[in-house]
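Could you put together the complete structure from these sequences and hints?
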Amino acid sequence: MSEKTEKTERLSVFKTYKLYVGGKFPRSESGRVYEVTDAKGNWLANAPLSSRKDARDAVVAARKAFGAWSGATAYNRGQVLYRVAEMLEGRREQFVREVAEAEGLSKSRAAAVVDAAVDRWVWYAGWTDKIAQVVGGANPVAGPFFNLSSPEPTGVVAVLAPQESSFLGLVSVLAPVIATGNTAVVVASEKSPLPALSLAEVLATSDVPGGVVNILSGRTAEIAAPLAAHQDVNAIDLAGADEALAKELEIAAADNLKRVLRPQAVDYSGTPGTDRLTAFLETKTVWHTTGALGAAGSSY
Amino acid sequence: MDMEMLSSAFEYAPAPESRSVVDIAPSYGLFIDGEFTEASGGKVFKTVSPSTEEVLSEVAEASEEDVDRAVRAARKAFGKWSALPGSERAKYLFRIARIVQERSRELAVLETLDNGKPIKETRDADLPLVAAHFFYYAGWADKLDHAGFGANPRPLGVAGQVIPWNFPLLMLAWKIAPALATGNTVVLKPAETTPLSALFFADICRQAGLPKGVVNIVTGDGRTGAALVAHPDVDKVAFTGSTAVGKAIARTVAGTRKKLTLELGGKGANIVFDDAPIDQAVEGIVNGIFFNQGQVCCAGSRLLVQESIQDELLDSLKRRLSTLRLGDPLDKNTDIGAINSAEQLARITALAEAGEAEGAERWSPSCELPGAGYWFAPTLFTNVTQAHTIAREEIFGPVLSVLTFRTPDEAVAKANNTQYGLSAGIWSEKGSRILAVAGKLRAGVVWSNTFNKFDPTSPFGGYKESGFGREGGRHGLEAYLDV
Chain A
1 MSEKTEKTER
11 LSVFKTYKLY
21 VGGKFPRSES
31 GRVYEVTDAK
41 GNWLANAPLS
51 SRKDARDAVV
61 AARKAFGAWS
71 GATAYNRGQV
81 LYRVAEMLEG
91 RREQFVREVA
101 EAEGLSKSRA
111 AAVVDAAVDR
121 WVWYAGWTDK
131 IAQVVGGANP
141 VAGPFFNLSS
151 PEPTGVVAVL
161 APQESSFLGL
171 VSVLAPVIAT
181 GNTAVVVASE
191 KSPLPALSLA
201 EVLATSDVPG
211 GVVNILSGRT
221 AEIAAPLAAH
231 QDVNAIDLAG
241 ADEALAKELE
251 IAAADNLKRV
261 LRPQAVDYSG
271 TPGTDRLTAF
281 LETKTVWHTT
291 GALGAAGSSY
Chain B
1001 MDMEMLSSAF
1011 EYAPAPESRS
1021 VVDIAPSYGL
1031 FIDGEFTEAS
1041 GGKVFKTVSP
1051 STEEVLSEVA
1061 EASEEDVDRA
1071 VRAARKAFGK
1081 WSALPGSERA
1091 KYLFRIARIV
1101 QERSRELAVL
1111 ETLDNGKPIK
1121 ETRDADLPLV
1131 AAHFFYYAGW
1141 ADKLDHAGFG
1151 ANPRPLGVAG
1161 QVIPWNFPLL
1171 MLAWKIAPAL
1181 ATGNTVVLKP
1191 AETTPLSALF
1201 FADICRQAGL
1211 PKGVVNIVTG
1221 DGRTGAALVA
1231 HPDVDKVAFT
1241 GSTAVGKAIA
1251 RTVAGTRKKL
1261 TLELGGKGAN
1271 IVFDDAPIDQ
1281 AVEGIVNGIF
1291 FNQGQVCCAG
1301 SRLLVQESIQ
1311 DELLDSLKRR
1321 LSTLRLGDPL
1331 DKNTDIGAIN
1341 SAEQLARITA
1351 LAEAGEAEGA
1361 ERWSPSCELP
1371 GAGYWFAPTL
1381 FTNVTQAHTI
1391 AREEIFGPVL
1401 SVLTFRTPDE
1411 AVAKANNTQY
1421 GLSAGIWSEK
1431 GSRILAVAGK
1441 LRAGVVWSNT
1451 FNKFDPTSPF
1461 GGYKESGFGR
1471 EGGRHGLEAY
1481 LDV
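Respectively, the protein sequence lines represent chains A and B.
Per the numbering used here, the first sequence starts with residue 1, numbered consecutively.
Per the numbering used here, the second sequence starts with residue 1001, numbered consecutively.
One should not assume that every hint holds.
If you anchor each label on the Cβ, the simulated ranges turn out as follows [unchecked claim]: (1) S1087(B) / K191(A): 51 to 61 Å; (2) G1086(B) / A138(A): 17 to 27 Å; (3) K1043(B) / E29(A): 38 to 48 Å; (4) T1323(B) / P140(A): 33 to 43 Å; (5) F146(A) / R1098(B): 24 to 34 Å; (6) F146(A) / N1333(B): 26 to 36 Å; (7) A138(A) / E1038(B): 15 to 25 Å; (8) R1098(B) / D207(A): 53 to 63 Å.
Below 20 Å or equal to it, Euclidean Cα-Cα: the simulated EDC-like pairs (lysine to aspartate or glutamate) are [stated by the list, open to error]: (9) K1043(B) / E1065(B); (10) K15(A) / E201(A); (11) K1212(B) / E1088(B); (12) K1247(B) / D255(A); (13) K107(A) / E164(A); (14) K1453(B) / D1335(B); (15) K191(A) / D242(A); (16) K18(A) / E222(A); (17) K1247(B) / E248(A); (18) K1046(B) / D1023(B); (19) K191(A) / D207(A); (20) K1043(B) / D1274(B); (21) K1440(B) / D129(A); (22) K1076(B) / E1058(B); (23) K1247(B) / D232(A); (24) K1318(B) / D1274(B); (25) K1043(B) / D1068(B); (26) K1440(B) / E86(A); (27) K1080(B) / D1233(B); (28) K1440(B) / D232(A); (29) K1212(B) / E1035(B); (30) K1430(B) / E1307(B); (31) K1414(B) / D232(A); (32) K40(A) / D129(A); (33) K191(A) / E9(A); (34) K64(A) / D1023(B); (35) K1453(B) / E1429(B); (36) K247(A) / D1233(B); (37) K24(A) / D207(A); (38) K64(A) / E1410(B).
FYI, nobody ran anything at the bench for these hints, they're computed from the structure.
The beta-carbon is built from N, C-alpha and C at its ideal position, and this holds for glycine as well.
Printed below as a string of structure tokens:
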């Protein structure tokens, strides 16, 4: 951004980076910002420094969105996720620039990362209406019952996005959470939050209902603590936490028995598999009485 | 018809099951590395029959040192056991299933003596399910490549398993069968008040020729369990019990590599719609809350009845409760056995008193309680609101809280208004309503027009604070695989 001003007579228009909560773009209620720099230390922008109140507001928004999003058809969710890929493709140049600045990558490396992120949305778009058939099914119980296990979304998931892979890593942890019908509160990479905050603009124009994804920037430890302890958060992905923070958060998460996905070494350029989809799914098993037609006596 | 007249007109003669089929030793050690050994500190505790308070046996109390010995034995056995072809592991488990079937009368009587539950239940529910569970998972041992977890999924290592007293041998089966099928070795701690069937299971392992150290049984109280869960060389922790202890365990394993599954408390809603077949619903309600004296995590402890049929349903339910037979658990006619311990009885009593104190209306059938042992009459509360303690807290006893609703939406909202999410029941003749309501309930197991059904192929486990992970079925394998 700053380079462009040197090259042209025209003074460029900076973007005010904002949070994404409940489908809106608020500043932090705390009024705080922090300086975001590129890999070389040059100023890029001021990002909102979210407070615990912002975290709580985001949880409220995510909870409110959960009913409709989890109740949407899997086909519908797939189309919405595919739409995200379409919108992202159209903004490819912007994200290549932002990722290159954020992660200190060459333009071609950054382009590969953005392409992979677009493709990742496509991958998960295709999973929405298949995962139930892969992990669910009928169980042959020894009795006159039709017994069916189906996956259901866990609920509101707090997602600590990876610190290094600020965009592909983010997409890789976020997309599987919402693909299955969960709603998310995302804490962006602390050092490189701008690609995440820009992704919010893509989500807002991709038919993703407001509140399904909420994105916060700031100090990971500061925002994650209230999320891990929040009684209305059902699960937490600790991808962006270091070892000490991860342990602290896992202890806090035990208070309402959140499902916890511990940090692990992940190569985000590889094929994701289904682990992140299944990490935030519950299995519901319903026993339906079938009776016994043709047998003597009543149907049950 | 006058129920008292009816019941006296058809008085039952006692039909006790013989306890001569089971031979309980005066004392038991810990089962570690294929041998019974004394606890390092020499400490023992007594296990009593809850129906008579008779001391059944003395059992070793495992110290931290004993737990360590057991974990080391399991670690030592892990290499060979996990390297065995799955087809060989399968055959050990099939053997165990068959021996359980052969010895099921003995084990049923033993379980009834140590737990206090009716022989009718141990004979017809617990033991058949134990054998079925081993039989089911035996078949998985050589088919793990096809279970949907990728090729050649690996076991985790040593599993530390802590189980409750309400279904002692069945919970053992739920823990040990999948663990062994997938190639793990185990250290299992049975509940303090019901250690005997696990110790008899050790003898079944011996008869089956199971390699030493693959199954280790350490008896003791919560401290023994805590030592097992915290042991640094345990790779997997599986716990069934209270939500409070489950949370403590989750904190203990935080920041470690230990894989955790928890099957915890519940406050299941049993929803009866106005079109339900009343007689069948009544049977389901009775089974839902009085099976095993209500000491069931998935019990239907909240009855949600549609307002328009409340009176009719409650009349039927009260009539049915008046016919329940409470008494000697070994009597084959007994419906309601003893509460498992004095401690549990005190908890049930206190919660029922809280129900009265908060303004709910208490009712029990006229029911004579035996002089010795721990007993609690089947109880139901009406005029219960969602704010009442008895509508929120798990009582784990034969106490039913009755609430009402008008619309399906209200039923769903009330059913889901709990920190728990283990089970629910729906009674209706309308298929679309059953499917819609089942879809909206935040519970891991939903029974429609039935209740408290279990099967080894059917995944079991909770939402929310009822825990996480599933036991049973293909899903149950995941808890014991490095996937």
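Subject >> Unsatisfied constraints (hint numbers, rising) >> reply: Structure breaks hints 3, 7, 19, 20, 22, 26, 32, 33 and 34.
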